[in-house]
Amino acid sequence: MGETKVRFTIDQVTLEGDMNSTELAQHVLKLLPINSNIQTWGDELYFPITSCGETTDISVETVNKGDIAYWPPGNSVCLFWGPTPISEEGEIRPASPVTVIGKVEGDATMLSNVKNGKSITVDLIRDY
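Be aware that the sequence shown starts at 5, since it is given in this note's numbering, and climbs by one per residue.
Treat the hints with caution; some may be incorrect.
[Unchecked claim] Only pairs whose alpha carbons sit at most 25 Å apart, straight line, appear in this in silico DMTMM-like list of lysine to aspartate or glutamate: (1) Lys9 <-> Glu27; (2) Lys34 <-> Glu109; (3) Lys122 <-> Asp47.
Everything labelled a hint here was simulated from the structure, so no lab data went into it.
Full structure from sequences and hints, please.
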């Protein structure tokens with residue numbers, strides 16, 4: 005199975021992302037469309053989804069700019085565009101390990117202007 009393209013919309017900010025073929029990414033795709041409210045934590049936003057349960061997908065302690073990840077303790081999808089409050093110099097560190105499930109296309113720093121509590125919609129664009 006290839007990657008699947010999704011659209012994230014928050015107010016006037018719209019970004020596309022490529023979801024990978026991991027078990028968690030496929031679970032999230034089955035939940036689309038998603039309508040939720042975001043929270044921010046440094047240069048990260050996250051929003052709750054239905055629990056993904058147990059997985060054998062690999063978790064990581066640091067991520068890259070533009071990564072889309074699943075955060076098990078919060079049952080949340082996260083988008084990263086820069087350091088969080090616990091990041092050390094030159095890294096992006098989530099609150100606890102996450103599983104990367106995709107990558108934002110384009111300039112993820114567009115998310116810098118979104119505020120806590122705003123509504124987010126995640127829609128399927130296409131499979132390829």
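Results of checking the hints against the structure:
1. Straight-line distance between C-alpha atoms of Lys9 and Glu27 comes to about 16 Å, which keeps the hinted pair within the 25 Å bound.
2. Proximity of Lys34 to Glu109 is assessed by CA-CA distance (about 21 Å); at most 25 Å being required, the pair is judged to hold.
3. Distance hint between Lys122 and Asp47 is fulfilled; the C-alpha atoms sit about 15 Å from each other, no more than 25 Å.
Of the numbered hints stated above, none is contradicted by the structure.
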